[in-house]
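Participant: All chains, please: the whole structure from these sequences, using the hints.
Chain order of the listed sequences is A and B.
According to the working numbering, the first sequence is numbered sequentially starting from 5.
According to the working numbering, the second sequence is numbered sequentially starting from 5.
Hints listed in this document are in silico derivations from the structure and should not be mistaken for laboratory results.
Just to be clear, a hint being listed does not mean it is correct.
Simulated restraints on C-beta separations [claimed, not checked]:
#, chain 1, residue 1, chain 2, residue 2, range
1, B, I233, A, V211, 55 to 61 Å
2, B, R229, A, F314, 36 to 42 Å
3, A, L52, B, G53, 52 to 58 Å
4, A, A51, B, G405, 57 to 63 Å
5, B, W54, A, Q283, 30 to 36 Å
6, A, F314, B, G204, 50 to 56 Å
7, B, R31, A, V24, 42 to 48 Å
Residues of chain B placed beyond 12 Å of chain A at every Cβ, according to the derived structure [claimed, not checked]:
#, residue
8, G53
9, I209
10, V247
In this text, a Cβ means the ideal position worked out from N, Cα and C, and glycines have one as well.
Protein chains: 2
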Amino acid sequence: METATTVLADIFLMFLAAKVAGELFERLRQPAVIGELLAGVILGPYALGWIGVPTAGMIEALHGQEVATEAMHAIFEVLAELGVIVLLFLVGLETRLSDILSVGVRAGLVAIAGVIVPFLLGYAFVALVLGTPTIEAIFIGTAMVATSVGITARVLADLGHIRSDEARIILGAAVIDDILGMIVLAIVSALGQGGTVSLGQIGLIAVQAVAFTAFVALAGRHAARRWSIHLERLRIRNAPFVVGVLVMLGLATIAAEIGLAAIIGAFLAGMVFAELSEQYELEQKALPLYEFLVPLFFVITGSRVDWRLFLDGSLLGIALAITALAIVGKLVGCGAAALGLGWRRVAIIGVGMTPRGEVGLIVANVGASLAVIPNEMYSTVVIMSVLTTLVVPPILTLLYGGQSAEPEAVTDYAVADGRLPDL
Amino acid sequence: METATTVLADIFLMFLAAKVAGELFERLRQPAVIGELLAGVILGPYALGWIGVPTAGMIEALHGQEVATEAMHAIFEVLAELGVIVLLFLVGLETRLSDILSVGVRAGLVAIAGVIVPFLLGYAFVALVLGTPTIEAIFIGTAMVATSVGITARVLADLGHIRSDEARIILGAAVIDDILGMIVLAIVSALGQGGTVSLGQIGLIAVQAVAFTAFVALAGRHAARRWSIHLERLRIRNAPFVVGVLVMLGLATIAAEIGLAAIIGAFLAGMVFAELSEQYELEQKALPLYEFLVPLFFVITGSRVDWRLFLDGSLLGIALAITALAIVGKLVGCGAAALGLGWRRVAIIGVGMTPRGEVGLIVANVGASLAVIPNEMYSTVVIMSVLTTLVVPPILTLLYGGQSAEPEAVTDYAVADGRLPDL
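Facilitator: What follows is the structure, given as structure tokens:
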């Protein structure tokens, strides 16, 4: 009972801080998510220490502190995971497959360029400028490849632009990017283990990922359309919503099991139900889950920021350089692939693809566990992941002119008709 | 990431099993909650072993198996806790203070009789029939005192009788019962530690609990009424619902911190917002949280049932005797206090107060940690807690005539207008 009571108090505190900070930032006409992230930083174990525990990776890498209890750490991880899954499910509900397909080629280009340019920049800097071993440079490059689309999706939703063309390109590119990133990680993991890369194995992983995504996107939508009448025959309460949540959890699990990010599965699940969303008020019903769980994700994300990393001068220099390259890489790569859409959209797509979040950390953790990334380089990846995530909300807000297009509509959409407003 | 992925798969499986079993039982015109409990038993670590881990207490007490990972256990505990908190919050939203006050005297009598009779029966049986030491008998008696009202509330809601007079008496009695149970536990814990009972200390605990309950019920309702206009001025989305959830988490935390059950705080929070519920569609908005989290509570509760306990003949005999006394104690005590309401209501109140659930286990755990309850007696309390919980849904359903009064309305109420139907 004691753990449950402690966690309950932490959840209350996180929720309170998230909502107070969110209210404050809404009044400043900034996205609430920035407030939630900052609330997490302040409450977290590296500042006030009122919630949470330092991540094992950070501790081992940097401070040699007592490793925090596995249980608390795992609970926070699960709550955060559920939060970001619900976030991407709701974003998926807003995204019809035809919307993504209509920007498919562009999204593919953005994803591919957003993988190649940051990888090359990261590799070149570490291998040539710092002069570290090739395998280490390859891992750092790989950590700079991934996109963690959660924060961008949240900011776009907060600002009321989640159904815009640029949002569709970003979401489509994030799905493709995740598949590409997984393939790259499989290759470099094999290299890191000193093995040769079996083309067969990599092909298998790639085929699995592509097949899963294509199958869910196409067959799932067909099934949802065809079986929707059966939903009404179920006796359980709120059957369409319940089945939607079930598919969300199921596809998130499958995605995680085959090596994709769980949020990709959740996003696809949302897309499967996008066409039934209005009929069954799915968004309106998923929104309370969102209000409860999503702020926890951002507060927990914020709480993992160890600001003390920024106090080590030489480390900070390298980290800032890698961060700059990570931002420039996505801006240039994704931006170039988006050329012709007008400078504002190009910039939004480049910035929107910038956050590395937990995806960059996963690569760093694999590298650290294979002992090909030393502690200092691990720390630089942590800083890079944090900064690329934190800079995005204010910059995106600026690019959209400092405030939401239709603040009233965004604030009230849940009450009004359960749909996110168009641009 | 691995723990998070495993837990995600477990959550998916629990949710799937809960909804399939719920659908099946709805079709059999039985409360869905029975299906959810059975799904938990079948999936749990003592049967298929597809989800969860054995509780530490059960293992240490009985099988000497490897203690399961602390992390998984803690995550399940937190998810179950959130589920039952949301359940009681929704029940509270249905319960106006005036409803409880109008049955206040009756509820008080039911609670007091429901504490005294089971305690005396349990004490007498263990001390006189089994001939064990006095302190052990006192602990077993105390474990038979508490009421775990979650399952009863859920069955009454499933059957559409949550706003009936008998439901109000049960809910009011459960609140009072929890305060009494806490005072009794404080006394016997002091006795178990070999100390003398300081009347001052016990008085402090009692005053704290009563003051908290009275303050929240009266001042909270006043505040909600008075400050409700400010809710509309907040910029955060869905502010009334968000503030409701905030108060739910806050009061649940405070209740747990001062030694009451967290669900009592959640119930009081719901009651505070009961009068604003219609205006802001609070129930309708809390319902998705309910659909997601509450089934997890019941599946997890079911998964903790170790059916192998029932294979040990002599242990089972004692456990069945204690279970019978636990049921008879509440039936006779609460029933007598409810006399004059008609035999059906008397029976429903007696049965409704019967489940000991996790509250009985808490007392047993305290006794075990003080080493005044031997392993076999701990096991009998586990069996008693499980059986008093499992027998209630089918008996209550029978007492209400085998099916809900308005099945359509119950099934559809969320869609219709967000209110649980009246009798």
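Participant: For each hint, tell me whether it holds in the structure or not.
Facilitator: How the hints compare with the structure:
One distance hint, 55 to 61 Å for the beta-carbon pair B/I233 and A/V211, holds here, with the actual separation near 59 Å. In this structure the supplied range 36 to 42 Å is violated for B/R229 paired with A/F314, their Cβ-Cβ distance being about 48 Å. For the pair A/L52 and B/G53, the beta carbons lie near 41 Å from each other, so the given range of 52 to 58 Å is not met. The hinted range of 57 to 63 Å is satisfied by A/A51 and B/G405, whose Cβ atoms lie roughly 59 Å apart.
Here the CB-CB span from B/W54 to A/Q283 is close to 34 Å, well matched to the stated 30 to 36 Å. The hint said 50 to 56 Å for the Cβ distance between A/F314 and B/G204, and at roughly 52 Å that hint holds. A C-beta distance of roughly 46 Å is found between B/R31 and A/V24, which places it inside the suggested range of 42 to 48 Å. Under the 12 Å C-beta cut-off, the non-interface status given to B/G53 relative to chain A holds; the minimum distance is some 18 Å.
For B/I209, the shortest C-beta to C-beta distance to chain A comes to about 16 Å, beyond the 12 Å cut-off, and the non-interface label holds. With a closest Cβ-Cβ approach of about 8 Å to chain A, B/V247 is found to fall inside the 12 Å limit, against its non-interface label.
The structure does not agree with the numbered hints 2, 3, 10 stated previously, though it agrees with the rest.
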